[in-house]
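A.B. asks: Chain residues, written in single-letter form:
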Amino acid sequence: MRFPASIQISLVFVLLALACLVIADIEVFTLNPWQELARMAEGILSPSLSGVDNLLYTLAQTIAFALSGVALSCCAGFVLALIYQNAFVRVFSAMIRSVHELFWALIFLQMFGIHPLTGVLAIALPFTGIFAKVFAEILEENRHPAMDLVGSGSSFLSRFSYTHFMQALPHLRSYTSYRFECGLRSSTVLGFLGIPTLGYYLHGAFLQGDYSQVAAVLLLFYALVATLRYWMRPVLLPLYLLATPFLLGDWASLPVNSFWRFITVDIVPAPLRNNASFADFMAWLQTLLFEQALPGLFNTLVLGQIALVGTALLALLWFPLVSEKFLSSVGRKLGHVFLVIVRSTPEYILAFVFLLLWGPSLLPAIVALALHNGALIAHLVGAASNQITLRIDHARHINLYSYEVLPQVFRQFLAFLFYRWEIIIRESAILGLLGIHTLGFFVIAAMEELRFDRALVLIACTALLNIAIDSLSRRIRVSLNINRSINHKRAE
Amino acid sequence: MNKPQLLKLEDCEIAYGPAAVFKNLNLNIGPGEQVALLGESGSGKTTLLRHLYAVLKPQGVAVVPQDFALVDNLSVFHNVYSGQLQNHSTIANLRNLVFPAAAEKTKVECLLSELQLEQKLLTPVAQLSGGQKQRTAVARAIYAGHTILLADEPVSAVDENQAELVLRLLLDAHETSVFAMHDVELALKFASRIIGLRDGEVMIDQQVAELRSDELSALY
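These protein sequences, in sequence, are chains A and B.
Counting in the working numbering, the first sequence runs from 36 upward without gaps.
Counting in the working numbering, the second sequence runs from 19 upward without gaps.
Next up, chain B with everything else stripped away, as it sits in the complex (with noise of 0.2 Å):
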């Protein structure tokens, strides 16, 4: 089989501080998938992710990050619109930060009132709840327009009955998506493919289709 491929790992190994955390990983992921990685915490998923990071940058990629890595003293409008500064020239951007344009604010204002967040446009992100914030670097990252997505939690501060709505909305932004997840459940009804991580070893690598149930308990 011959599919295309956007990444490509072989024997990889990924070091985060002194230690390797994994050693030989292999690991294929092509356009349009939808993976989502579990494990219990310290299993790697973060340090994956941002491997996947650094080997993905130069063609663009979104990025919803664990701690979301807001900018506390700005509103969202700033925050979201920082995800975009690439499609604007500095003058535009620095204009943007000391007098929004009009039309910047409707678009994003837009996309905040599909997350439910328009009131709080203009607001610093410091005054936000964890929720809210998570949102916001949701947004970000939706508007920031790449096709690939990486994405480490990026629903676990959001109420339980947004989470699905946001998911669903950030899944579909983007063309391929790797997100790690908490959330069983959720990663089972969003991801076409799961790999399960276990302390810096891939123990599942499946199509969710034929994924069966046991299977997942090994994780845990």
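The following block holds chain A by itself, in its conformation from the complex (with noise of 0.2 Å):
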């Protein structure tokens, strides 16, 4: 008997994840999780803001790092979208996305030390990218007969605004609001390298021990994302983006000096710097290449791998909370409270908790990938399966969903996974600053040495790496013809 290419395809996957995990270190270190559980659970249920200062301004801050930095990378990546054919243009859009939003920090960081635009950079950057990709693919989906029909002889600029651009904006917007979204996530994620936003004061808590004000600022960063219709209003979005460039702290000081010595001095290879032999450089490329890159980038993708079958495991047992063919509108909406929490959570955040909990072993950042990945994707497949028909005389329970939901929702369930496989070994390698091995803690050792010229290298890997994974899992998904049925809104 021979299975069908979507379920050849994904017994490869779960083999190769079973395979990683024989070989993966997912040891509990902590001598008492248990204990530190407990304390954890005791935070949560007495929040306490006692020791963050400036409260409101920390929190306008956060949203004013996501909004300037969204706001600029949407409008860019418009302008790329554009010109998207241009295989020059599609490469520096891969290149920029590659490279994540906590990397793009770090190297900001030594450029301009803590300013805002280390800030504002670090997520308009990565997020550009992303924008020019998912623009130009809605403006292709949605192109309206009428550009060729209607004013010809008038410029190409009065065409596309009448009818390709207005046939994509609901599409664009809602996309735009999701990545606000992320750009909430990312802009209190960045408090962990010291920008000062809710992450911040999350961080230094977390150190402290101080799991009152953990769960008192988590809380916060839930009512944020929770409220944000409410709050983010088109007829406000001027005043906001006008407030913003004086909630982002102090402009003037645009530490010149360090950024030239940054891109002049410290990223240059080491061996050049110092008039070595070429045969020198290649020694410490070889060195870094066999001592670090590799390593991590193994580590990198047995993360990945386990925590991409165990997103899918997750989001197929959870689909079902969310789905009308399987609970009522009420049971629905307590699924969606518990999704909404899960996959808020920026998987970092989480990766920290069960850090703490089990010590630093891959088991807490797959525990955290899986999570924070299986709940998107579960709400994605639950709305999905709301879409199909059932028969009158359907089965119930277990065989309904064996013999007549998950056969109909599985292939876009392959879709949406392996749109977000490259998302996945993204942070599967940025997890590695919390000290697990995978690229990022090569990267983050390196700059703690001041090797920024050996980080580079490294970060570098990274983007290569994503690169690679984006481009086999649009293979895959070409070869599955899975490719079309992707919802923009929330995939990428």
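Rather than coming from a laboratory, the hints here were simulated on the basis of the structure.
Hints may contain errors.
Keeping only pairs whose Cα atoms sit at most 20 Å apart, straight-line, the calculated SDA-like set for lysine to any residue is [claimed, not checked]: (1) B/K41 / B/Q77; (2) B/K75 / A/S190; (3) B/K75 / A/S187; (4) B/K125 / B/L187; (5) B/K75 / A/F191; (6) B/K75 / A/F195; (7) B/K75 / A/P180.
Reference excerpt, derived from the structure (chain A facing chain B, CB under 8 Å, subset only) [as the list claims (entries may be wrong)]: (8) V185; (9) G186; (10) G188; (11) S189; (12) S193; (13) L207; (14) A503; (15) S506.
We put the CB at the ideal spot given by N, CA and C, even for glycine.
The two chains are supplied separately, each in an independent frame; assemble them into the complex guided by the hints.
C.D. replies: Here's what the structure looks like:
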């Protein structure tokens, strides 16, 4: 018996993940994880903001970094999307989005220190690459025939804005508002690196074990995301944008010297800086690649593979929670609340929590990535399952799930999952910043030794890995013929 | 005879997709003609109109496509105005997209009132009925101000009692028209010349005045 291609591919991925699980380091290191968990639970039950000064200002700054980053990248990404057929533009967009915003932040921190530009650019740069790609796809899918029928002889911009653009506008708008939610998450997480957002206090509270403060700041973050549609109104947007530059901090102190030093000295490979021979340079590169890049790459792939399959399992387990095929409206509401909370929590913060519980192995990262991404895909698959129509005499319970619903949503589920693959790999690399030995670990180690030349080579390796995974994922999607069933709103 | 020609096709092959729809098509159309294309669905009317559009596009031509090709998210005003983008600067066009100028609104409203659609000036096209959408497409074609019109079943969705009025307005606004029709009676009433198509062949090409009634029955 031959299985369909989609099942074959799924089996290959599951087997690979099992193999990875055998070699992965998933030990629990802490002596008493339950004790720490009890302290966390106690903190969650007694949230307190006593240690946070200038709470409102911090909230405003968190929003300001997200808003300025998303606004800049939305405009730049839109312009790039218009010329996305150009190979150079495509490669450029792929490159800037293949480097995670936390890596960009590390780079800009060296250039500018804690300056508004650091946070803004760290969000704006990768988001520009993402916007360019997704906007180009949205515009491609929403071409309007009137473009070639009306106003021939008028400018491209005139015809475009009255036809293709208006046709695509609702999709562009909903994707942008989703990206803003991502921006809030990124802005918060950037606080872990010292940018003055909510994450800054979160990080401090975590390190001090002050879980009451952790709980309070997290609750504040959920409230911010949950009330998004009430305070983020189109009419208020100009006001917000005007206020933003003043909220980001002190612009005056741009350290030009450190910027020049970084791009002319710091990132030049050490052997070249010291006028050593080409052979020395090759030796330097070889050591770096074999002792850091390859082990990092290997661990990133192992983590990514297990996390991907973990994501898939959780998504398949959870999507009935928001599917009208399985639950009544009350049940679905609770399901939605659960999934929203799990997927709104930045995976970086989830990993941080599990790391405190279990110590530095791949386990915290696997669980964090699987939870966050699983909740996200469960939400998408649940929505897809609401679209299918069942026979009147359909089966019930587990038979309904396995014989009727799952077969009908499986291809869409795979499309979402493979779309998400690149992002899971990108996040696997970044979780190294927390001490797991993926690529990010070697990046942060090189930076702490002030060896920015090494850090940059390692970041470039990460970028190449992401580009390779992206293109492999696209190939699989094309070969399974599931590329078109994507809902952009939430997939990227 | 040496009439001035607007369009001249000689031994023309028109393919739509892999299969050729027309082989050896010969067709002359002169200025001032009102040509109705008749024939069953699948006979090649839409394919011929598409080809004429490709040939005539450089000199400017108004179109009423079968599927209207309106932008659903835009109001009736914007859709009609888009017919005339070439007469305004890009800046003016962008301005009218966001905040329509009163003068432009009045001009479009005037035209719409002739088509009994003035109440829908600022309604998004998505909220219109089929007939209202088609009248919007007709208004856009008229507003474009070209001398040549290509229309594919331009009153197929319009209420019966409005069809004549709409077709009259549309044809009067253009010097030369080629329009596909399924309503033979209307075609005979409005056209000066009938071209009958069947399976990619021209079965009839006659001035309406010279057309014998039994000739039409060969088409259907």
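A.B. asks: Which numbered conditions among the earlier hints are violated in the structure presented, ordered from lowest to highest?
C.D. replies: 1, 13, 14, 15
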